[in-house]
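S.K.: Single-letter residue listing:
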Amino acid sequence: KAGVTQTPRYLIKTRGQQVTLSCSPISGHRSVSWYQQTPGQGLQFLFEYFSETQRNKGNFPGRFSGRQFSNSRSEMNVSTLELGDSALYLCASRGFYEQYFGPGTRLTVT
Amino acid sequence: AQTVTQSQPEMSVQEAETVTLSCTYDTSENNYYLFWYKQPPSRQMILVIRQEAYKQQNATENRFSVNFQKAAKSFSLKISDSQLGDTAMYFCAFMKALDSSGTYKYIFGTGTRLKVLA
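So the sequence lines, in the order shown, correspond to chains A and B.
No gaps in the numbering here: position 72 of the first sequence is 73 in the working numbering, and each next residue is one more.
No gaps in the numbering here: position 94 of the second sequence is 366 in the working numbering, and each next residue is one more.
For the record, the hints were derived by calculation from the structure and aren't laboratory data.
Quantities reported herein were computed from a predicted structural model and do not represent experimental measurements.
Even glycine gets a Cβ: it sits at the ideal position worked out from N, Cα and C.
Any given hint might turn out to be false.
Claimed, not checked - Derived pair list, reagent style DSSO-like, types lysine-lysine, alpha-carbon separation capped at 30 Å:
| # | chain 1 | residue 1 | chain 2 | residue 2 |
| --- | --- | --- | --- | --- |
| 1 | B | Lys368 | B | Lys345 |
| 2 | B | Lys342 | B | Lys387 |
| 3 | A | Lys58 | B | Lys342 |
| 4 | B | Lys377 | B | Lys327 |
| 5 | B | Lys377 | B | Lys350 |
| 6 | B | Lys377 | B | Lys345 |
| 7 | A | Lys58 | B | Lys377 |
| 8 | B | Lys345 | A | Lys58 |
| 9 | B | Lys368 | A | Lys58 |
| 10 | B | Lys387 | B | Lys345 |
| 11 | B | Lys342 | B | Lys377 |
| 12 | B | Lys387 | B | Lys350 |
Unchecked claim - Partner residues are not named here, just some residues of chain A that face chain B (Cβ under 10 Å, in silico):
| # | residue |
| --- | --- |
| 13 | Gly4 |
| 14 | Arg16 |
| 15 | Ser52 |
| 16 | Phe65 |
| 17 | Arg74 |
| 18 | Glu83 |
| 19 | Gly85 |
| 20 | Leu89 |
| 21 | Phe97 |
| 22 | Gln100 |
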């Protein structure tokens, strides 16, 4: 099976802009979770989608949102970007209980 | 609230030797899952090994094995015959079900940076 794919791999944005990241899970997986990884805060859970419904949400401001499509692909959107949003954004696909991660999207906000 | 603690921020080991990474967690749950993930410099997070809490037998995957002590809430990872390719950040993770509909909660430790020396 193909692994989890994320696009784009690298992104540079300016403060105040918005960004959309995409994640395609492993075929057959219906759960997609998003994480933010920074050197200072480690791996922080953003939200999980299962069958197009947000099932769980981390402690992030409303500027961070997501959605999942009927083919299980997921997008994450960050509006009004701040410098502190610079991070590696990881997407994880889950079949039963094991999560498999994508390569991540490195977002740099200038 | 559940927490996962990795008390060793950095470790190093000589090639071909054995190293043990520590992880402790705090939970009042009885049913949960534990994982070790590896994140090499390439940044791709890779699942190394998993352990179901209801299983007493320690999980093993080739050179990787765990020492799962449920009562002590300890879940250490042992890497035998260390190889240069084992150089990475290692994360311990705890997972439990939030409800019966398939919603799970994952909590990650802060990671241990392991360097394998030639």
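S.K.: Give a verdict on every hint.
M.R.: Against the structure, the hints:
| no. | hint | result |
| --- | --- | --- |
| 1 | B:Lys368 / B:Lys345 | holds, 14 Å |
| 2 | B:Lys342 / B:Lys387 | holds, 28 Å |
| 3 | A:Lys58 / B:Lys342 | holds, 28 Å |
| 4 | B:Lys377 / B:Lys327 | holds, 20 Å |
| 5 | B:Lys377 / B:Lys350 | holds, 25 Å |
| 6 | B:Lys377 / B:Lys345 | holds, 18 Å |
| 7 | A:Lys58 / B:Lys377 | holds, 10 Å |
| 8 | B:Lys345 / A:Lys58 | holds, 26 Å |
| 9 | B:Lys368 / A:Lys58 | holds, 15 Å |
| 10 | B:Lys387 / B:Lys345 | holds, 26 Å |
| 11 | B:Lys342 / B:Lys377 | holds, 19 Å |
| 12 | B:Lys387 / B:Lys350 | holds, 14 Å |
| 13 | Gly4 | holds, 9 Å |
| 14 | Arg16 | violated, 24 Å |
| 15 | Ser52 | holds, 9 Å |
| 16 | Phe65 | violated, 17 Å |
| 17 | Arg74 | violated, 19 Å |
| 18 | Glu83 | violated, 22 Å |
| 19 | Gly85 | violated, 19 Å |
| 20 | Leu89 | holds, 6 Å |
| 21 | Phe97 | holds, 9 Å |
| 22 | Gln100 | holds, 7 Å |
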